Amino acid sequence: MANHYYNAEDLGKFGSIGEYQKEMADKFFSYYGEVFKDGALTAKEKSLIALAVSHAVQCPYCIDAYSSDAYEKGFSEAQMMEAVHVASAIKGGAVLVHGVQMMNKVKEISM
Amino acid sequence: MKSLKVLQHHLADANNQLAVLENQSEHQHASFIGKLLGLNLFPLQASGVDIFQINVGKMCNQVCKHCHVDAGPDRKEIMTRETMQLCLPILANSNIKIVDLTGGAPELNPDFRWFVEEIKKLGKHIIVRCNLTIILANKRFYDLPEFFHKHQIEVVSSLPSFTQDRTDRQRGDGVFEDSIKALQMLNNVGYGHDGSGLILNLVYNPAGAFLPPSQQALEKEYKTELAKKFNIVFNNLFAITNMPISRYLDYLLQTGNYDKYMEKLVSAFNPSAIKNVMCRNTISVSWDGFLYDCDFNQMLDLKVAPQTSQHLSNFDLSLLNNRNIVLKQHCYGCTAGAGSSCGGEVAS
Ligand code: SF4
Ligand code: SF4
Numbered sequence: 001m002a003n004h005y006y007n008a009e010d011l012g013k014f015g016s017i018g019e020y021q022k023e024m025a026d027k028f029f030s031y032y033g034e035v036f037k038d039g040a041l042t043a044k045e046k047s048l049i050a051l052a053v054s055h056a057v058q059c060p061y062c063i064d065a066y067s068s069d070a071y072e073k074g075f076s077e078a079q080m081m082e083a084v085h086v087a088s089a090i091k092g093g094a095v096l097v098h099g100v101q102m103m104n105k106v107k108e109i110s111m
Numbered sequence: 001m002k003s004l005k006v007l008q009h010h011l012a013d014a015n016n017q018l019a020v021l022e023n024q025s026e027h028q029h030a031s032f033i034g035k036l037l038g039l040n041l042f043p044l045q046a047s048g049v050d051i052f053q054i055n056v057g058k059m060c061n062q063v064c065k066h067c068h069v070d071a072g073p074d075r076k077e078i079m080t081r082e083t084m085q086l087c088l089p090i091l092a093n094s095n096i097k098i099v100d101l102t103g104g105a106p107e108l109n110p111d112f113r114w115f116v117e118e119i120k121k122l123g124k125h126i127i128v129r130c131n132l133t134i135i136l137a138n139k140r141f142y143d144l145p146e147f148f149h150k151h152q153i154e155v156v157s158s159l160p161s162f163t164q165d166r167t168d169r170q171r172g173d174g175v176f177e178d179s180i181k182a183l184q185m186l187n188n189v190g191y192g193h194d195g196s197g198l199i200l201n202l203v204y205n206p207a208g209a210f211l212p213p214s215q216q217a218l219e220k221e222y223k224t225e226l227a228k229k230f231n232i233v234f235n236n237l238f239a240i241t242n243m244p245i246s247r248y249l250d251y252l253l254q255t256g257n258y259d260k261y262m263e264k265l266v267s268a269f270n271p272s273a274i275k276n277v278m279c280r281n282t283i284s285v286s287w288d289g290f291l292y293d294c295d296f297n298q299m300l301d302l303k304v305a306p307q308t309s310q311h312l313s314n315f316d317l318s319l320l321n322n323r324n325i326v327l328k329q330h331c332y333g334c335t336a337g338a339g340s341s342c343g344g345e346v347a348s
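Here the protein sequences come in this chain order: B and E. Anchor point for the first sequence: position 90 equals 90 in my numbering, and the numbering is continuous, going up by one each time. Anchor point for the second sequence: position 38 equals 38 in my numbering, and the numbering is continuous, going up by one each time.
These aren't lab readings, by the way, just hints derived from the structure by calculation. Everything hinted at is true.
So these bits of chain E aren't anywhere near chain B, every CB distance computed over 12 Å: (1) L11; (2) Q24; (3) P89; (4) R113; (5) I180; (6) K229; (7) G289; (8) S309; (9) N314.
Distance condition first, Cα-Cα at most 30 Å in a straight line; then the derived DSS-like pairs of lysine-lysine: (10) E/K220 <-> B/K46; (11) B/K13 <-> E/K260; (12) B/K44 <-> E/K264; (13) E/K228 <-> B/K37.
A quick note: this is a predicted structure, and the numbers were derived from the prediction, not measured. Ideal Cβ positions, reconstructed from N, Cα and C, are used throughout, including at glycine.
Generate coordinates for the entire structure from the input sequences, incorporating the hints supplied.
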């Protein structure tokens, strides 16, 4: 048993999840590959979306992979940081907008 | 910035570069020759000699961080007219169709224009690897676009990005601005315009420790952005992988990226790129007349295999036509992903 939860080398072993359930893994990876191809959005645009989502879901593997991928595809440092801010704004906003729910409840029970 | 040679850096010596690349005890990367053996592709033979790539000197007005030639203003190795004269009968008596002039900045060779004119008399197609900024480096180069036009030269030029930041980080401050001006000058004499017959191709290579993205997607983006921002047109974009040699090797080692980069090259190994690697139909000539399978082998001082035909003075086409190519670990740079050559991707 490893004495830490995340190991950078595990990213390279992602494909091995098929050892325990091949059919689902194959379907997932083929779907994944399809999603990131040029389509109505370019592969480059999708890379930046993936970078922002990686931060929102706080997955270190995805952050590693899409920081490289987005930079390799030509996004600048500033563009990449703005994408992270978009993730942050949506996450922050999602917390704050629940403040309205809190206010509603307080108004309901207060005098 | 100075060249590794002038800094007396240990990597200025090709043997020290090979020692890093071939050191299997410290850097364990699958052997390139082993990969080819496994595919029954070793030894790799040349298919002929269609392209004569001549490196007319290591002097350059730029000192790019990734330069595999270790070129710069401080490099004094320049091909003499006598050596050029040895090339001419070889070209005249062969079916070699293309002469690819490179450097350094080839235009800095004082006999560059004379050489172009002599080669043209032989009816060969000429490619010049022009770094663009040379055109603005001095008044005496301002007319290069007209000179290229006059001799119907194909121009191949590096532009690692359509943004200033990335270009200047790799190629030096101010390079982007001058490159844009030079591209506009080339466009003004007809280069890059459909139907003009004047070919202007651009080269992308990564400004960092990573592999090039899709050539097709990049070309589309370059065309849109350069047209929109600067009114520039060009023909094709070639995406070229950086070779782990010379200054780029130094960069990889210094930044701790060497093993990761080699691993990327090895895991992106694409067997279908092998049959089209450029050494199979090219001979590369150094400033002092020695013969190599490619410009990369030249910088690693790995001469062609046939020992009785390693110099212009004993050039033997029959021996070179089907020679075995000299392969080492750096060759992974030509077979990663879609493959890479002086003409961009090679995998079908
Ligand atoms: S990459 Fe080209 S332009 Fe840059 S220093 Fe080397 S020879 Fe000169
Ligand atoms: S570096 Fe590339 S072109 Fe040169 S010998 Fe190796 S495979 Fe051939």
